[in-house]
Amino acid sequence: MSKEEKKVNRRDFLYTATYTVGAVGIGAVIWPMIDQMNPDKAQQALATTEVDISQIEPGKSITVLWRGKPVFLKRRTTEEIAEARAVSLDDLPDPQKDEDRVKDGKDEWLVMLGVCTHLGCVPLKDKGDYKGWFCPCHGSHYDISGRIRKGPAPKNMEIPKFEFVDNNTIKIG
Amino acid sequence: MSEQEYIPKSKAGKWLNDRLPILTLGAHLTDYPTPKNLNYWWTFGGILTFCLITQIVTGIVLAMHYVAHADLAFGSVEHIMRNVNYGWLIRYIHSNGASMFFLAVYIHILRSLFYGSYKSPREVIWIIGLMIYLLMMAAAFLGYVLPWGQMSFWGATVITNLFSAIPLVGESITTWLWGAYSVDNPTLNRFFSLHYLIPFLILGLVILHIWALHVPGNNNPVGIDIKKPSKDTVPFHPYITIKDAFALLVFMIIFAGFVFFTPNVLGHSDNYIPANPLVTPAHIVPEWYLLPFYAILRSVPDKLGGVILMFGSIFILFVLPWLDTSKVRSAVFRPIYRQFYWIFVFDVLMLGYMGAMPAEGIYLVLARVGTIYYFLHFLVVLPVVGYLEKTDPVPMSISDPVLTGGAEPSLAKKDNGKI
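Protein sequences appear in the order of chains V and F. When you line the first sequence up against this note's numbering, it's residues 1 to 173, in that order. When you line the second sequence up against this note's numbering, it's residues 1 to 419, in that order.
Just so you know, not all the hints are guaranteed correct.
[As the list claims (entries may be wrong)] Pairwise CB distance ranges (calculated): (1) V:Q55 x F:L168: 52 to 58 Å; (2) F:L20 x V:G25: 30 to 36 Å; (3) V:S61 x F:G312: 36 to 42 Å; (4) V:Y19 x F:L20: 52 to 58 Å; (5) F:V380 x V:A86: 44 to 50 Å; (6) V:K7 x F:Y387: 30 to 36 Å; (7) V:K171 x F:F261: 38 to 44 Å; (8) F:N276 x V:E57: 22 to 28 Å.
[Claimed, not checked] Not the full set, but computed from the structure, chain V residues with beta-carbon under 10 Å of chain F: (9) P39; (10) P58; (11) V122.
Just so you know, the hints here were simulated from the structure itself, not pulled from any lab data. Cβ atoms here follow ideal geometry from the backbone N, Cα and C, with glycine treated the same way.
Start from the sequences, fold in the hints, and give me the full structure.
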């Protein structure tokens, strides 16, 4: 009896084959059920936004909606740029040079997602301990480069993919 | 009284019962032997069943008039309030009903904690109950999003962003939950679908909860095992049904008080402003019943750490039956645990208050102290007290202390006024 049990017989093969085919089949059905919740084609089609920046004075900023999220476009003054670059990287929870957050030769333009990296609220401009942005939800302070300085947010505000179409137009996405 | 003995009187009843023993089930529920000393803290199971049915019935009606679309949802809720016949009443019952549901479930859970109802052999009842509680929180959160006001939108944003704290896959999970790159129309649509589903999942778990309860039978204020049926028990009907009905009436008076006199006191006025993805309200707070967990989340100065502790504060309850090392169930006979119980209740209430206050200064300090104590209660106090505590003598039966003046003469008095 025990000898027979150990032997791999036709029935064992059938069990294994049935479980395998069943698992693959269930997986094949489950994946579409999960993936249907990801952003659909209509959402993906909204992936770029063009913005006219010719009317923005130095020191001012505008907020535009991209993929349902606010994007801050700030035209910084030379003092603000100098202030952002004077900060030592050792003082930053998420060290990143200001130079790496803007396009070369377009230092005055800071384009970033206006979304707090903690839990997604929209930070308020010209507020907080570092005169940049302050998130009212859970008290994260960002500097003039949008870098996290104090509070629960783990990262600097994100820089989206963007490019200058010409001197007056920025394409986000 | 035993279900095997039940034979329907009518011929038709016998015919049906032979094919589907539903009359046997009815007889079991009617005769179900219940400890005769159950106090009013034991009436909240019935009250919670009422709450669930109320939410399902009013919810089905609201869904006949509500439109789950980002451009139309807010307007359709106002349409319900102004145009639909009795729409204001049905919506206020539904929105206040959620609060009443949580009020009742918290009393139900605190009763279990005081009288040790989570202990062997009732661990599975406790765990199913916690699953119901988790689903209730999910349903409440999803439902709060549906009016698509400012608090709906930003509450949804903050809560879904909790998942972005998960390393590596967090961002993908958040996008998957949204169905977009932010909280948007696809998010609202699926939240409506899930909000409609969850109450029926809860209903299924409630049936399992009661089924699991009917295996060992009810715990009771003295927390001892009793013989069933015996002189320590009474049949569920009419003794418990009438007591439950009276408690339910008192509960409904309070419920109606909220619905008719202060229907918005538990809500937030910002939710009467349509959702605006460009402006976050200055002061975001969840509904009152989630505040203690919100305080724990904010008390940790690290994103992932905060999320872990917040979920941990709920999941630790699942292992409570194994953290509490005491063999005595009821806190009536546990003089040390009884004091820690009230400290714990105070701690949770304090955390709730801190969750409503801004996360700064003394509020933040107290929230941190409260968070640490919350976990100490489960991880240190309960295991240690269980070993060291000298418990009071436990009676042999419910009737004992009353009829013989036996084990603990002051028992009846001691029990008064305790939860």
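Here's how the hints hold up against the structure:
1. V:Q55 x F:L168: 52 to 58 Å: violated, 41 Å
2. F:L20 x V:G25: 30 to 36 Å: holds, 34 Å
3. V:S61 x F:G312: 36 to 42 Å: Distance hint for S61 (chain V), G312 (chain F) holds at roughly 40 Å.
4. V:Y19 x F:L20: 52 to 58 Å: violated, 34 Å
5. F:V380 x V:A86: 44 to 50 Å: holds, 48 Å
6. V:K7 x F:Y387: 30 to 36 Å: violated, 54 Å
7. V:K171 x F:F261: 38 to 44 Å: For F261 (chain F) against K171 (chain V), whose Cβ atoms are near 55 Å apart, the range 38 to 44 Å is violated.
8. F:N276 x V:E57: 22 to 28 Å: holds, 25 Å
9. P39: holds, 5 Å
10. P58: Violated, about 23 Å.
11. V122: holds, 4 Å
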